[in-house]
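Those protein sequences? They're chains A and B, same order as listed.
Take 767 as the starting number for the first sequence in this note's numbering and just add one per residue.
Take 767 as the starting number for the second sequence in this note's numbering and just add one per residue.
If you're looking for bench data, these hints aren't it; they were derived computationally from the structure.
Treat the hints with care, as some may be off.
Treat identical chains as interchangeable: a pair holds within one or across any two.
[As the list claims (entries may be wrong)] Mimicking EDC-like on lysine to aspartate or glutamate, the simulated pairs with C-alpha atoms at most 16 Å apart in a straight line are:
no.	residue 1	residue 2
1	K893	E1094
2	K833	D1061
3	K1045	D840
4	K1049	E949
5	K879	D1061
6	K996	E922
7	K859	D926
8	K1045	D941
9	K879	D840
10	K1058	E1042
11	K879	E1042
12	K833	E949
There are 2 protein chains.
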Amino acid sequence: MKHILTLVVMLLFFSCSSEKEKKQPTFGIVIHGGAGTILKENMSDEMEKAYIEKLTEAITLGHAILKSGGTSQDAVEKTIHVMENSPLFNSGKGAVLTENESIALDASFMDGKTLNSGAIAGVKHIKNPISAAIKVMHNSPHVLLSGAGADRFAVEQNLDTVPESYFITARRLRDLKSVQQLETDKKLILNSSEHLYFKNQRYGTVGCVALDLNGNLAAGTSTGGMTNKKWGRIGDAPIIGAGTYANNLSCGVSATGWGEFFIRSVVAHDIAALVEYKKLSVKEASKQVLQKVEDLGGDGGVVVMDTHGNVAMEFNTPGMYRAHMNSEGKLNVRIYGDN
Amino acid sequence: MKHILTLVVMLLFFSCSSEKEKKQPTFGIVIHGGAGTILKENMSDEMEKAYIEKLTEAITLGHAILKSGGTSQDAVEKTIHVMENSPLFNSGKGAVLTENESIALDASFMDGKTLNSGAIAGVKHIKNPISAAIKVMHNSPHVLLSGAGADRFAVEQNLDTVPESYFITARRLRDLKSVQQLETDKKLILNSSEHLYFKNQRYGTVGCVALDLNGNLAAGTSTGGMTNKKWGRIGDAPIIGAGTYANNLSCGVSATGWGEFFIRSVVAHDIAALVEYKKLSVKEASKQVLQKVEDLGGDGGVVVMDTHGNVAMEFNTPGMYRAHMNSEGKLNVRIYGDN
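Based on the provided sequences and hints, a complete structural model is requested.
Dropping the structure here:
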């Protein structure tokens, strides 16, 4: 009887460990195209279709890279390219304009395995800012480059550069005029115009978090910032810890929203800290940190993924352009406040 | 017997609560003037005396503000002014130079009660960058301004501006030439020169954390960055969460060191997260986070204070210019690796 029991225990042990070994490594990808006052009643069928199609195109490309064994870095970069190259989003082509009708693009990237990071702020000529952020990470001793110096770095790195006019669209010129008109009409002083600044512009920062078959997370974010921004304003998107963070010990995060509140709340790192130190799920951590942002008066959203492929797509705005694809290829693409 | 016992318990209760009520509110201030290879054998008696005197002057001023009921914001600002106005430190006058022999100053400030924050990066004409950071916080809808736009904002705010030549000292011109010569001699490619970049320049970012009699923390940091910096490089000093963080729920932090590693480690917020979420002391949290920085290959130091006035002055470099004064006015000023 004792021998039989020993045998059963041994068999159970081996069956469990072989199951563990056989377990398929997981991977996944999650993206956002910005959070804001995105309501079904204000959206034409045509625009809705265009957003759904572009989000699907972007995430499908990243998913294919991951499925074929590519790195999370490569998936994040190529996925964000699709959104940067589309005028639908506030990043790359179609970015919002500064007070001088000019362009100032921000982007950042972080590698969850090494904590290597790169970012650029206030560039005018780099076609794909996310690639410049990745180049800063690999080919400079710095993490964050800014302004004309960052544009010069991109040229030295042989990245695609374009004239500023490439990025500027009629839609964003209209947005700028509207925001400026509104400020003039209301004779707003700056402190009280904060709400209108945000509410009356288009949203659309883009971002991506990916987990590859090697279990490595990466996160990236790319944006044109806020319409009518002044004085060389830099938002949360190029700030490691605020707009972007990735760490294999916790999770990868890309944020979108009212950048000032996301900087003050150190949103991306705070989510990761709650996951690592308080063992919260990515969903619960995201909810708690967005609640803190809301308590300060800000809004926006995040996409988050941990090394098990658990995902959160949380926001406290009416909508967020977003999509998730798991390792089975199941696609979940959404715009409004339903899940 | 029972009545006597009840009486004793009641007496104990009232004596405890009255002691609690009588407890003096605490306050305190801690500063740093940069961490690095600061060794007794390389320091003249005259220079040592100059540093001790300037650190003492700065912290004594801030302490007096706090003692007379001033705010932690005011104490941090005025204390940092003393160090910004001294050519001994790498901030304000005496800041290190970029590759083009120019100036690019960074600073940030955070209020621990409201989480309001302000920062500027890459400015050339603001005499006291910490004051510009505070103005950004109060008088703009933004948190982080950069480059010429930030200088323009300072002019609009009637802050003291100076020609770039005001900041430039013979010592920093020599430092720049040395670093550039070293790079040329060694024909270093950028990736491998990271260590030398840092090791062969002067350190001296300045920072301050203060706790006022109302129990409010504030933190500020001001720097010229790294000698020979390129491409509009921005370090950790103007990044909320990296170089500066303050939150009455956890602690105030100002960091100094190899900025790139401090950004990647989100040093200031990570210390606060360990204090808030894992209930570590400010000293233990600082040690753990600096160990993470060291594991990545970086070095530097932090000054930290919580709302009880507990303080940490931790660093993993040979020395750090630092000082602490508690509510009793006890001064602890240090340069080398002793405590």
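Hints versus structure:
1. With identical chains, the CA atoms of K893 and E1094 are never at most 16 Å apart, being 33 Å at best within one copy and 58 Å at best between copies.
2. Taking the shortest alpha-carbon separations for K833 and D1061, neither the intra-copy value of 40 Å nor the inter-copy value of 32 Å comes in at or below 16 Å.
3. In this homomeric assembly, K1045 and D840 never come within 16 Å of each other (Cα to Cα): the closest approach is 29 Å inside a single copy and 38 Å across copies.
4. Taking the closest pair of Cα atoms, K1049 and E949 never come within 16 Å of each other, the shortest separation being 37 Å inside a single copy and 48 Å across copies.
5. With identical chains, the CA atoms of K879 and D1061 are at most 16 Å apart between copies only, with a shortest distance of 13 Å across copies and 33 Å within one.
6. For a Cα distance limit of 16 Å, the shortest separation of K996 from E922 across copies, 12 Å, qualifies, whereas the shortest one inside one copy, 28 Å, does not.
7. In this assembly of identical chains, K859 and D926 lie within 16 Å of each other by CA distance solely inside one copy; the values are 13 Å within and 39 Å between copies.
8. In the homo-oligomer, the alpha carbons of K1045 and D941 never lie at most 16 Å apart, since the shortest distance is 42 Å inside one protomer and 47 Å across protomers.
9. When the C-alpha separation of K879 and D840 is checked against a cutoff of 16 Å, the pair qualifies only within one copy, where the shortest distance is 14 Å, while the shortest distance between copies is 41 Å.
10. Only between protomers do K1058 and E1042 lie at most 16 Å apart by alpha-carbon distance; the minimum there is 14 Å, versus 18 Å within a single protomer.
11. With identical chains, the CA atoms of K879 and E1042 are at most 16 Å apart within one copy only, with a shortest distance of 15 Å there and 25 Å across copies.
12. Taking the shortest Cα distances, K833 and E949 never come within 16 Å of each other, neither inside one copy (49 Å) nor across copies (43 Å).
Consistency with the previously given hints fails for numbers 1, 2, 3, 4, 8 and 12, ordered from lowest to highest.
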